[in-house]
Amino acid sequence: MMTTPLLSVRNLTVGFTHYTGTLGLRPRVVPAVEGLELDIDPGEILAVIGASGSGKSLLAHAIVGILPNTATVSGGIDYDGTPLDSARLRRLRGREISFIPQSVNYPDPLMPVGRQVRLTLPRSRAAQLQQALFARYHLDEKVARQYPHELSGGMLRRVLFATGVTETMRLLIADEPTPGLHPAALQEVLSHLRDLADDGAGVLLITHDLIAAAAIADRVAVMRSGRVVTVESSSSFTGRGETLRHEYARRLWRALPRHDFWEGVAP
Amino acid sequence: MSLRATDLAYRVPGGHQLFTGLDLRVEAGQVVGLTGESGCGKSTLARILAGHLPPTTGTVLTDGYPVNAPGPRPVQLVQQHPEKAVNPRWTMRSVVAEAHDPDPALCERLGIRAEWYGRRPAELSGGELQRFCLLRALGPRTRYLIADEMTAMFDTLTQAELFAVVRDIVTERSIGLLVISHDIPLLDRLCDEIVAMPEQASAVSP
Chain A
1 MMTTPLLSVR
11 NLTVGFTHYT
21 GTLGLRPRVV
31 PAVEGLELDI
41 DPGEILAVIG
51 ASGSGKSLLA
61 HAIVGILPNT
71 ATVSGGIDYD
81 GTPLDSARLR
91 RLRGREISFI
101 PQSVNYPDPL
111 MPVGRQVRLT
121 LPRSRAAQLQ
131 QALFARYHLD
141 EKVARQYPHE
151 LSGGMLRRVL
161 FATGVTETMR
171 LLIADEPTPG
181 LHPAALQEVL
191 SHLRDLADDG
201 AGVLLITHDL
211 IAAAAIADRV
221 AVMRSGRVVT
231 VESSSSFTGR
241 GETLRHEYAR
251 RLWRALPRHD
261 FWEGVAP
Chain B
1 MSLRATDLAY
11 RVPGGHQLFT
21 GLDLRVEAGQ
31 VVGLTGESGC
41 GKSTLARILA
51 GHLPPTTGTV
61 LTDGYPVNAP
71 GPRPVQLVQQ
81 HPEKAVNPRW
91 TMRSVVAEAH
101 DPDPALCERL
111 GIRAEWYGRR
121 PAELSGGELQ
131 RFCLLRALGP
141 RTRYLIADEM
151 TAMFDTLTQA
161 ELFAVVRDIV
171 TERSIGLLVI
181 SHDIPLLDRL
191 CDEIVAMPEQ
201 ASAVSP
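Chains as they are written, first to last, in my numbering: chain A, 1 to 267; chain B, 1 to 206.
If you are wondering where the hints come from, they were derived from the structure by calculation, not from laboratory data.
Hints should not be assumed to be uniformly reliable.
Per the computed footprint, the stretches of chain B lying under chain A, defined by three or more beta-carbons under 8 Å from a beta-carbon of chain A, are [said to hold, decoys possible]:
no.: 1; segment: 28-40
no.: 2; segment: 142-153
no.: 3; segment: 163-169
Just the calculated beta-carbon pair ranges, DEER-fashion [what the hints assert, rightly or not]:
no.: 4; chain 1: B; residue 1: Asp7; chain 2: A; residue 2: Gly43; range: 47 to 57 Å
no.: 5; chain 1: B; residue 1: Trp90; chain 2: A; residue 2: Leu110; range: 24 to 34 Å
no.: 6; chain 1: A; residue 1: Gly75; chain 2: B; residue 2: Asp7; range: 53 to 63 Å
no.: 7; chain 1: A; residue 1: Lys142; chain 2: B; residue 2: Asp63; range: 53 to 63 Å
Owing to the predicted nature of the structure, the values given are computational and were not obtained by experimental measurement.
For each residue, glycine too, the CB sits at the ideal point set by N, CA and C.
Isolated chain A, as found in the complex (with noise of 0.2 Å):
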């Protein structure tokens, strides 16, 4: 029996309309996004890298329904085999659905971050498992009340976990949930996603971080100008890449530092 994706993403095209023309009264269409296609099974973690600009964002807030009024979306998302329309996202959203932001700037300037955190909960265990929550980040107890600009990025970036994974979820959407991370904790946040996928969870994470998706993804969809150039398996991504399939995926894995940073760029 074929196993149905858990995610899939169908010919996503995101335009946004620009306004043109004498007085900027003639609008016109550009595709930021076009012709997207993408499965993500159960158990699988399918990392989006690229370059900035390229539509990931754009990407995962399609699939979560958080794209600005001005972006027209055509194609289709089905979670589950069935079409992922409003209702059902709204219903699914931070239950089975869920999203962690590119952005340090998400949570309430105003409200303390353990606050935040506990909104997300259920009511009656609210305090008990936030408190689990922060200890398994390793967020201090008094980190709790502190509001978000007190904190470092760092710290910031494990909050937004700590409001983003609940107990239900069976998607996540993570978008660039590294910068900024010491190694140790970037270790931790990535067995984490790995473990999150190997209890059953798809996970889609966008990232600069080739190493990261070479080591704990199984696929590797590479964007470019709003397309998916390549999709590759993750073990390609080792030596010199001789085994990537398209060249442009192959220059980003040698453009590491560790690999031939700048020597591989034209000055």
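Chain B: place on chain A using the hints.
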């Protein structure tokens, strides 16, 4: 000639002691890497060194003068999130003009295209915006540059391109460069010397 911090301490207002007794020195033309756990105060130190934030105690001298002396700041800071470092309502032309009259040769080396000047920050990608932040930071009076996770949000090719240009410019102009990053292979590639922030401050009793 050096950027020199002596016996710096910083206490978060109404909060805990972030670090004490911190010394750091960057010579003109030297590239120093700084690493340490998240939350240990690296970005706070960067802001103190650039004169954006006064330390609780201690001094920062650039070539013998206080860092916040009147006139163009000799220490410039480029941060992780360029979109937070520019006025979202200004065109890129105004953003740069606030600091200095940009040298066209420098713009070209940084890969800045003429048509980007009329745009506002939201109309540029992060990598494009960071090039403007570098342009703004590399004015004629800049003696020291602090790159605080400057490329953490970018792909590896953009990272390599930006650092290749920065390396060439700091070498030519004998600018001292402090690179803050968690990426040890990156620091190994760039730096003459790598220093670690002292142990996590939560160990220091408030």
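Hint by hint, here is what the structure shows:
1. Given a C-beta distance limit of less than 8 Å, the hint that chain A covers the segment 28-40 of chain B holds, as 6 residues qualify and 3 suffice.
2. Counting residues of the segment 142-153 of chain B whose CB lies closer than 8 Å to any CB of chain A gives 3, so the stated coverage by that chain holds, three being the minimum.
3. Counting residues of the segment 163-169 of chain B whose CB lies closer than 8 Å to any CB of chain A gives 5, which reaches the minimum of 3, so the coverage claim holds.
4. Remark: the range hint 47 to 57 Å for B:Asp7 to A:Gly43 is upheld by a beta-carbon distance near 54 Å.
5. About 27 Å separates the C-beta atoms of B:Trp90 and A:Leu110, a value consistent with the hinted range of 24 to 34 Å.
6. At about 60 Å, the CB distance of A:Gly75 to B:Asp7 agrees with the hint of 53 to 63 Å.
7. Between A:Lys142 and B:Asp63, the C-beta spacing of about 40 Å breaks the proposed range 53 to 63 Å.
Hint compliance for this structure: hint 7 is the single one not met.
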